[in-house]
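Peer 1: Here is what each chain is made of, one letter per residue.
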Amino acid sequence: MENRLNLLNGPETSEFRQKFKIVFALLLIIFSVLLIRLWYLQVIKGGELKQRSEINSVRFRKITPLRGLIMDRKGNLLVDNLPSFDVVYMPGKVKDYEQLIEKLKILYKRKSLQFAFDQHFPKIVKPYLPIKLEKNVGMEKVAVVETNSVDLPGVYIDVSPVRLYLNGEMMAPIIGYTGEISKEELEEGDEKFTYGDVLGKHGMEKALDSYIRGRNGAELVEVNVYDKEMKNLGRIEPVPGYNAVLTIDAGLQKAAWQELKGKAGAAVALDPRDGSVLAMVSSPSFDPHLFNSGISYDQWDKLQNSPLAPMSNRAISGQYPPGSTYKLIVAAAALEEGIITPNTKFFCNGSFKMGNKTFHCWHKNGHGSISLHRAIVESCDVYFYNVGKLLGADKIAKYAKLFGLGDASGIDLPNEKNGIVPTEQWKLARMKEPWQPGETISIAIGQGYDLVTPLQLVNAYSALANGGTVWRPRLIKRIESIDGKTYKEFAPVKNGTLTLSKNTFDILSQALWGVVNEQGGTGGAARILNADVCGKTGTAQVISLPENEKGRRQRKMGVLLKDHALFVGYAPLKNPEIAVAVIVENAGHGGSVAAPIARKILEAYFEEKAKQPQVMAQNLTTNKVNP
Amino acid sequence: MIFLKFDRRIFQNFDWMLLMLVLSICAIGILNIYSAGYAISERQFPFYLKQIQWIALGLIIMMVIFFIDYRLIIKGAYVIYGIFIALLALVYIYGYTMHGSQRWLAFGGFVFQPSELMKLTIIIVLARYFDDHKSNEPYKLKELFVPFLIVIGPFLLILKQPDLGTALIIMIIFASIIFFVGVNWKSFVIALAGGLILIPIGWLFLKDYQKERLITFFNPENDPLGAGYHIIQSMIAVGSGGFFGKGFLNGSQTQLKFLPEQQTDFVFSVFAEEWGFIGGMVLIIMFISLILWGLKIALHARDLLGTIIAFGITALISWEVIINIGMVLGILPVVGIPLPFLSYGGSAMVSLMTAMGLLMNINVRKFILQR
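Listed in order, the protein sequences are those of chains A and B.
Read in order, the letters of the first sequence are residues 1 to 627 in our numbering.
Read in order, the letters of the second sequence are residues 1 to 371 in our numbering.
No lab work stands behind these hints: they were computed from the structure.
One or more of the hints may lead you astray.
As a list, the in silico BS3-like pairs of lysine-lysine whose alpha-carbon atoms are at most 27 angstroms apart [unchecked claim]:
id	chain 1	residue 1	chain 2	residue 2
1	A	K21	B	K296
2	B	K160	A	K183
3	A	K21	B	K186
4	A	K19	B	K160
Please model the complete structure; the sequences and the hints are all you need to start from.
Peer 2: Here it is, written out as structure tokens:
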């Protein structure tokens, strides 16, 4: 051991001395190089670089890439780009920007133009970061700035693309909008973001952002004191973003929007075969172009605080009592649990007693002795009060969950709500109160704590229509490169399986067909010529009042307390291709208000299909999925 | 017990030379940061005042480290290493993100960068390891496996943040110490090959944008927005200083803030613009003196442990000075490595002062430790 330790003689052995010599030599060489380089830069090139520093300087100009286009499933353009002329100020050597703005105002005034600077001047002013003074200005202002450039050092016109939303508010809840990167996004995001970048802020613009954003280009230029370009030192071309193809059918979307425009409500159409969203409208809506030139605080405030909430997408964020459309779920639960058979009859005399409480049927005189099929067709409440009582809230909840209710569907849009599927435990946790038997009775007709979004509702019916697959509704079909080649295909995703017996599927779909097509059915207004429509109406009470008082009070009440009208259904009966849900807020009965809107949407779909048989056939083959 | 035995000789042989060198460089640093931040009036608490606080804290830590025998400190090397690995892991999970890089731990209004102290920790742990495994022969590859494991963990954690500069420094320190303790030629070649294989594996760890950034590091022309711009502005600043400089607070590049990161990675260009070739040369000579002094301490240390630690610390400072100044002068690619004692930054200052405490510690105990 002893002889291995040369270091017991101390580190100053010859071997170490040798190494120190090497280190010393290396240091000598490297530091000589550094000093020679310093001499070269400061003494040999010093004069030249000093001159350059005086006329400095080099700036980079960011070149904004073209954002990807957004198209509908048939290739119709939904979002395009337009050139926007911005008045930009490069801080550089002119520090007093306020004086500059005063000068600009005077120049504008001569041409009777208004200065519209409502941006906050950024806190950190860097001489190489341009600041946008005005966005999206007209040609008159462009002329003023261009002709007075000597008086406005550092100010120039920059051309950058802005979004053109071809369908405006019809598509706004889905497409969303873009905006300049916020301070938070700049700090949290990747380093590749820079001040002034435009990002998707909402809807598809946000969900697709990483695909359609593209990559900034840059130009390195040397400028004089007036910020005039002297020398171009290099340019990197921007990379345009990918284009996106949505599952939306613009024609169908238009049909739905025509019907809902001016009302408050939502409509969603899905393809039950793969969960593609064919149409999704929410009314009232907003103009997405407001965000292009930087929305003012007042406009934003107005949009945010309007009682009609135009910024919220009711199809996914609106939570409504499902009303009678919930009876489908209760019926499925009762059949599967063996509580009833198709032949089980209950007697409806117009009301139902539970303890000391009386629950009414919508049909005051009662439906008489009634079995499941007719109870769904005529939407008999008393029948379902009886079934609900036998089932209990937790059994109903179990099946509601199977239908995909109570959880956000996972669509690629922000602010999707979960809805509520109440159970006894849920109430105890939420309200700290035990479950009341009467509450089960309300739930049986979709009138208690239960809440659904229109999207959840149509997705649940779509699962019944396609024989048991609960799809994750999807809006993005594929991403394409600018030459139209597929870059990424989005396959349908299964959220779950609705495990019901074949018999139950048949009984329920026959009943839903009856609602629309049989004598006395509540959904007759949704009937169309080209296809067998199946569906269910619903009328959701906004506030429940004792029945006898209700009629009298309702007349006194404002519109806001009127019932919500619902219709949800699908067509055709055999091999369904489209499922649709319509909700109109405070509008009255589902059968008379929502069903006719659903009819228009279904008509539009089947008329279009009849017109273009080849195209539809093609779509069929590409959409087919083996679950 | 040698520990805390207040030997008269500790004071008699106090390393005034090292202290004076460090204080002079720090003083230049404060003036320089003051100038760099001169035109920025918005800040309530300017960088130079903060830097003074960090230097003061660093000096206190330096004195504490100085009095505790380094051999005692080294006994806890693996524990210290464990603590900093844990802190790096914490950074990975809870770290505070600035400019897209997750490097900091935030507590009570302070942000702290464990990777800065990891540089010093690596030196201590490797010194301890090679002291425990002394050998007359050059080390073979097999014997270097454990040191490699010690280094690769922090390396990957820091690379993942991502902080290429610090990760690079850790590998360079490793290589320097390996060279110093002596390695079998064959092993060196194999290790080099292994390192090259490791690069694509490390590559897999990175996200797309991090890869993009790394590509830019090695090819600044790729990115005129970032690195390319920095280099051009930095070279104009340095060059325009000329032989005598533009004078304190008179650097136009600096005062007009054409220089990016002028308090941190590009401080040397601020200094060179205002103080010219004369100033730059004086500063470089001061650094050379510090480095030579460190090498002298390494050479004359009383045991291998002290030699390796002193050598490691000197290597750390040398490489940081060389890479940083090389980058500012446009002969090395832009990687985020600070200039010791001049760049603004609390964690780096504390780490450097601790290292200086260790150097003094080793220097003074060559007179005390009797074998």
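Peer 1: Does each hint fit the structure? Answer for all of them.
Peer 2: The hints, checked one at a time:
1. For the proposed pair K21/A and K296/B, the alpha carbon gap of about 12 angstroms is at most 27 angstroms, so the pair holds.
2. This hinted pair checks out: K160/B and K183/A have alpha carbons roughly 24 angstroms apart, not beyond 27 angstroms.
3. Restraint check for K21/A and K186/B: the C-alpha separation of about 23 angstroms stays at or below 27 angstroms, so the hint holds.
4. For the hint linking K19/A to K160/B, the alpha-carbon distance of about 34 angstroms lies beyond 27 angstroms, and the restraint is violated.
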